[in-house]
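A.B. asks: Sequence:
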Amino acid sequence: MAKKKTNIESNPKKSKNDVAVGVVGSGSFATAIVKMLVENCKIVHWCVRNEYVKGAIEQRGHNPTYLTAVNFNLKNLKLTTDVNELVSACEIIVLATPSIYLSDTLEKMTCDYQNKIFVSAIKGIIPKVNDVVAHYLRDEFKIGFRNQAVIAGPCHAEEVAMERLSYLTVATVEDEVSQKLVDIFNSDFIKMHSSKDILGNEYSAILKNIFAIGAGIASGLGYGDNFTAVFVSNAIREMETFLEAIYEAPRDVNESAYLGDLLVTAYSLFSRNRNLGNLIGKGYTVKSAIQSMKMIAEGYYAANSIYKTSKEKGLKLPIVDTIYGILYEGKNAEKQFKKLTAKLN
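If you count the sequence shown from 1, position 125 lands on 125 in the UniProt record's numbering, and the numbers rise without skipping.
Hints are computed from structural coordinates only; laboratory data are not their basis.
Only a predicted model underlies this, so the values are computations on that prediction, with no experimental measurement involved.
Keep in mind that the hints are not guaranteed to be accurate.
Calculated lysine to aspartate or glutamate pairs in the DMTMM-like style (CA-CA distance at most 25 angstroms, straight line) [as the list claims (entries may be wrong)]:
{"no.": "1", "residue 1": "Lys-75", "residue 2": "Glu-39"}
{"no.": "2", "residue 1": "Lys-54", "residue 2": "Glu-140"}
{"no.": "3", "residue 1": "Lys-42", "residue 2": "Asp-183"}
{"no.": "4", "residue 1": "Lys-108", "residue 2": "Glu-51"}
{"no.": "5", "residue 1": "Lys-294", "residue 2": "Glu-312"}
{"no.": "6", "residue 1": "Lys-343", "residue 2": "Glu-159"}
{"no.": "7", "residue 1": "Lys-16", "residue 2": "Glu-51"}
{"no.": "8", "residue 1": "Lys-196", "residue 2": "Glu-51"}
{"no.": "9", "residue 1": "Lys-191", "residue 2": "Asp-18"}
Here are the simulated distance ranges between beta carbons [stated by the list, open to error]:
{"no.": "10", "residue 1": "Asp-112", "residue 2": "Gly-330", "range": "24 to 30 angstroms"}
{"no.": "11", "residue 1": "Gln-291", "residue 2": "Glu-329", "range": "50 to 56 angstroms"}
{"no.": "12", "residue 1": "Asn-226", "residue 2": "Asp-18", "range": "50 to 56 angstroms"}
{"no.": "13", "residue 1": "Asp-175", "residue 2": "Ala-89", "range": "23 to 29 angstroms"}
{"no.": "14", "residue 1": "Val-230", "residue 2": "His-135", "range": "32 to 38 angstroms"}
{"no.": "15", "residue 1": "Glu-329", "residue 2": "Ala-89", "range": "45 to 51 angstroms"}
{"no.": "16", "residue 1": "Asp-112", "residue 2": "Met-293", "range": "16 to 22 angstroms"}
{"no.": "17", "residue 1": "Lys-339", "residue 2": "Asp-18", "range": "21 to 27 angstroms"}
{"no.": "18", "residue 1": "Tyr-167", "residue 2": "Ser-233", "range": "47 to 53 angstroms"}
{"no.": "19", "residue 1": "Lys-108", "residue 2": "Lys-287", "range": "48 to 54 angstroms"}
{"no.": "20", "residue 1": "Ala-89", "residue 2": "Asn-226", "range": "25 to 31 angstroms"}
Every residue, glycine too, gets a C-beta built ideally from N, C-alpha and C.
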């Protein structure tokens, strides 16, 4: 039975928070997260990709590649390229790298990270272990769920940059951790909600990227809004089937962290996964579509893992099967979607 989430409101306060918080990653969502945090925190530690990015931000006050319109007061930032420097200095570490780069980043971590809070803003599978971030942190670094959190929900970085109202869900088992995160993220343009469904939030964020590729393929093939609505309504049912098979929990997939994130990723022109699918639907090969994109579409890597897991569980997920076939088996998108139309309702 679905359990209603609780909204947590931080106490309004004039002064900024002294909490030691850091962000690992320098892509668009990492940059958006830094923007969120500087609203409430005196100092935000930021571990960026390389010295060029660090120097460019220090000189210009903005990321040279992503969300370049977002200008930062450098007094609010402490920049580094050393993950150990950031982790050592921070109580809360937000991981916001693409999933394919996370293992390379964290394997450099030699400092003491016990009792730190690690927050995943990564909506993808870790290829090295073919698993979600929560399990990767637990199994490879012995960071238990009590020291973890997941940020989920419909929140495109581009809209954060424009300070358009967005809603985020923080999933963590500890109420104290949840409140700390709400206090540092809540602002006039970011509204926070809480959940204890860490794995459900993480897997839903991964699944919606796969479904968004499908919505993009449909658009590229010429299917219209009517079909996309049916496609998405089937997708949320597939998401619920998968989540229940992986980890049963009191959850309502109609909430914004699940359905809301699926909707925005499937429909928005900001969605890189939808854009990847659109290119494939228009006739690009999968390889050329990926190469033509400036940013990483997490759904491509996730499709392989989710497909294999669904087969191990004996699940019937026709949309996942269709997207996997197109991405990894070279099947013709037009023919596969024609077959898929007979399975949707």
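A.B. asks: Within 23 to 29 angstroms or not, the Cβ separation of Asp-175 and Ala-89?
C.D. replies: For Ala-89 against Asp-175, whose Cβ atoms are near 25 angstroms apart, the range 23 to 29 angstroms holds.
A.B. asks: Hinted pair, alpha-carbon criterion (25 angstroms max): Lys-16, Glu-51. Please report holds or violated.
C.D. replies: 29 angstroms, violated
A.B. asks: Please test the hint of 21 to 27 angstroms on the beta carbon pair from Lys-339 and Asp-18.
C.D. replies: 57 angstroms, violated
A.B. asks: Is the gap between the beta carbons of Asp-112 and Met-293 within 16 to 22 angstroms?
C.D. replies: 38 angstroms, violated
A.B. asks: Check whether the Cα positions of Lys-196 and Glu-51 lie no farther apart than 25 angstroms.
C.D. replies: 38 angstroms, violated
A.B. asks: Return holds or violated for the Cβ distance of Asn-226 and Asp-18 against the range 50 to 56 angstroms.
C.D. replies: With a Cβ separation near 53 angstroms, Asn-226 and Asp-18 satisfy 50 to 56 angstroms, so the hint holds.
A.B. asks: Using the Cβ atoms, figure out if Gln-291 sits within 50 to 56 angstroms of Glu-329.
C.D. replies: 19 angstroms, violated
A.B. asks: Should the hint that Ala-89 and Asn-226 are 25 to 31 angstroms apart at their CB atoms be regarded as holding?
C.D. replies: 53 angstroms, violated
A.B. asks: Hey, Lys-54 versus Glu-140, does the alpha-carbon distance stay inside 25 angstroms?
C.D. replies: Not satisfied, since the Cα-Cα distance of roughly 29 angstroms exceeds 25 angstroms.
A.B. asks: 47 to 53 angstroms was suggested as the range; check whether the CB atoms of Tyr-167 and Ser-233 agree with it.
C.D. replies: 21 angstroms, violated
A.B. asks: Check the hint pairing Lys-191 with Asp-18 against an upper bound of 25 angstroms on the C-alpha distance.
C.D. replies: 20 angstroms, holds
A.B. asks: Go ahead and decide if the range 32 to 38 angstroms is satisfied by the Cβ distance of Val-230 to His-135.
C.D. replies: 33 angstroms, holds
In terms of the numbered hints stated before, the structure departs from hints 2, 5, 6, 7, 8, 10, 11, 16, 17, 18, 19 and 20, listed from lowest to highest.
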